[in-house]
Amino acid sequence: MSKLTEFRWHGRGGQGAKTAALLLADVAFKTGNHVQGFPEYGPERMGAPITAYDRISDEPILVHCDIHNPDYVAVVDETLLSAVDVTSGLKPEGGILINTSRSKEEILPLLNGYTGKVYTIDARKVCMATLGKYFPNTPMLAGMVKISGVMDEDVFLKEMEESLRHKFAKKPEVLDGNMQALRLALESVCK
Amino acid sequence: MSENRLYTEPVAGIPDRMSGNEAVANAIRQINPDVMPAFPITPSTEIPQFVATMISNGVIDTEFIPVESEHSSMSAAMGASAAGARTLTATSSCGLAYMWEMLYVAASDRLPVVMAVVNRALTGPININADHSDSMGARDSGWIQIYAENNQEVYDNFIQAYPIAEHKDVMLPVMICQDGFITSHAVENITLLPDEPVKAFAGEFEPEHYLLKKDETMAVGPYAVSKYCMEAKKAQAEAMKRAKDVILEVGKQFGEMSGRTYGFFEGYELEDAEYVCVAIGSACGTIKEAIRALRAKGVKAGLLKVRVFRPFPAEEIAAALQHAKVIAIMDRCEGYSAQGGPLAADVMAALYRAKNQAEAFNVLYGLSGRDVQVEDIEGLYAQMQQIAEGAAYETYQYMGLRE
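Heads up: the protein sequence lines correspond to chains A and B, in order.
Going left to right, the first sequence walks through residues 1 to 191 as the working numbering numbers them.
Going left to right, the second sequence walks through residues 1001 to 1403 as the working numbering numbers them.
A hint or two may mislead.
[What the hints assert, rightly or not] In silico DSS-like pairs for lysine-lysine, Cα to Cα no more than 27 Å straight-line:
#	chain 1	residue 1	chain 2	residue 2
1	B	Lys1297	A	Lys3
2	A	Lys91	B	Lys1297
3	B	Lys1297	B	Lys1214
4	B	Lys1300	A	Lys3
[Claimed, not checked] Sample of chain B residues lacking proximity to chain A, with all beta carbon distances greater than 10 Å (derived):
#	residue
5	Pro1043
6	Glu1101
7	Met1218
8	Gly1285
9	Asp1346
[Claimed, not checked] Quick look at which bits of chain A chain B covers, simulated, 3 or more residues with Cβ under 8 Å:
#	stretch
10	20-32
11	53-62
12	69-83
It is worth saying that the hints were derived from the structure and are not from the lab.
Keep in mind the model is a prediction, meaning the values are calculated, not measured.
C-beta atoms are modelled at their ideal positions from N, C-alpha and C, and glycine is treated no differently.
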């Protein structure tokens, strides 16, 4: 029986939710998985709600449809909680990670009675402490690896370091900040 | 050209992951064609973007021609191809529609241009998502049309495009189609081939006649009076018939090199299938997933995935469907004929000529990017089982409509 894990990302145009979804597919590929990473396209513009998806499996993936019953959901922008039904179809044995500075207790009433695991992360705080700029997709990526357990955290960090080193070959200082952001994010996920 | 190919022995593939548009760009990089005129349109825009980037980085030396419209991109492609240059372009939807006039001219001038078509709905309502109305509308334009289920297939098909198009028995333009966004923008696993074997497989464009040929004056696309015009059309039709053998031969040679052999269509659990979907493109993966589940329950479900739509392999499709009890022919494109879509029209005609008496009906699905779920397909197979037991049915129906 194949092990398939499905992710749905909610963000706003320009925040990098699509990029985060593609990065997750990328790092999962590098750790030996079959992957699909794809955004849902519409009349997108800066600030509009967007959705992106990942499938990660140990077997080839045949389907080409949207994910209606994800195992895990990422909410990159908490203002979406009142605009989008982010827990729609989310499996109760799965979980949701919300980028917010608020406590889980404050967030829970906004989740339409979702009974699965709810996690929060203050991505802004992580970004400011490590990057000095707000790029929420970096901590959210680490957070989704953490809550899903889809890959070993050390393997994740090693693969990310390798690809970031390649990407920022001429700007090593950026590499350090991003790696710090990923490490701090792994520690900053609140149950 | 195909006669001169070096690599028919197996070569080791390179595992990678990328989107369908990146896969096409990789094939272009490896082939390094001479000329690419293009005008951007979603969701094919990335392809000329990637090519332009590769040119500016010195990776390839293709001549890029930025034009002001798709009518011009096809016109420029025709000029370049007629001059003797290996030429490509890319487009989608309304961009393809705007090329309309020129599509017919490229085919009748027997210019082996290759076009990456990233399928998208035609307006209206205005929509940017996948369906096949753009290329299906061009099905009578004289272009060969080859469709892909995923990024791997669109890559493999693109590598086979020039050996088919430029074959001396063919000399026709080719559309290499994939579903907009669903595969063009989805990152998936893929196995690339090394550069050298792909270059050798694609070979060089060595036309017999071309405008820049020294000591041979020729005209391309002149007026033909009625006394001669029909013969030109018949010659073009014969080339489309001959393309069938060439497509099979190139698909076989590609298989010897890559381990992935291609024909006119793929049968999935088809041999003993009683209930068969006939479909094109990315939804075929979703259909396969449904078939897996149904087969586990003992239901004889199968799929015939059409890869080559022009030329249309009518006899071969009819032969492959001879044991089917119920056939659902799936169109991702309206025909507005009041009786169904274009794939159904051709498959129904093929079944009729083969005297196949199976229950067959047409399912319109996935228009303008409407999502197709495994459950939708399972419902379709359930209907096919009911039809086999005598249930009445509409021969032209929609799947996945909002209630």
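How the hints compare with the structure:
The straight-line distance between the Cα atoms of Lys1297(B) and Lys3(A) is roughly 20 Å, inside the 27 Å bound, and the hint therefore holds. Only pairs whose Cα atoms come within 27 Å are accepted, and Lys91(A) paired with Lys1297(B) is accepted, the gap being roughly 25 Å. Between the alpha carbons of Lys1297(B) and Lys1214(B) the distance comes to roughly 67 Å, so the proposed pair goes past 27 Å and is violated. For the hint linking Lys1300(B) to Lys3(A), the alpha-carbon distance of about 26 Å falls within 27 Å, and the restraint holds.
Look at Pro1043(B): its CB is around 7 Å from the nearest CB on chain A, not clear of 10 Å, so calling it non-interface is violated. The claim that Glu1101(B) is not at the interface with chain A holds, since no C-beta of that chain comes within 10 Å of its own (minimum 29 Å). With a least beta-carbon separation of about 45 Å from chain A, Met1218(B) lies farther than 10 Å from that chain, consistent with its non-interface assignment. Against chain A, the non-interface label of Gly1285(B) is violated: not every CB pair exceeds 10 Å, the least being about 4 Å.
With a cut of 10 Å on Cβ distances, Asp1346(B) stays outside the contact zone with chain A, its closest approach being about 23 Å. For a cut-off of 8 Å, the count of residues in the stretch 20-32 of chain A with a CB near a CB of chain B stands at 4, and the three-residue condition holds. Counting residues of the stretch 53-62 of chain A whose C-beta lies closer than 8 Å to any C-beta of chain B gives 3; at least three are required, and the coverage claim holds. Here the stretch 69-83 of chain A counts 0 residues with a CB under 8 Å from a CB of chain B, which misses the bar of 3, and the coverage is violated.
When the structure is compared with the earlier hints, violations turn up for hints 3, 5, 8 and 12 and for no others.
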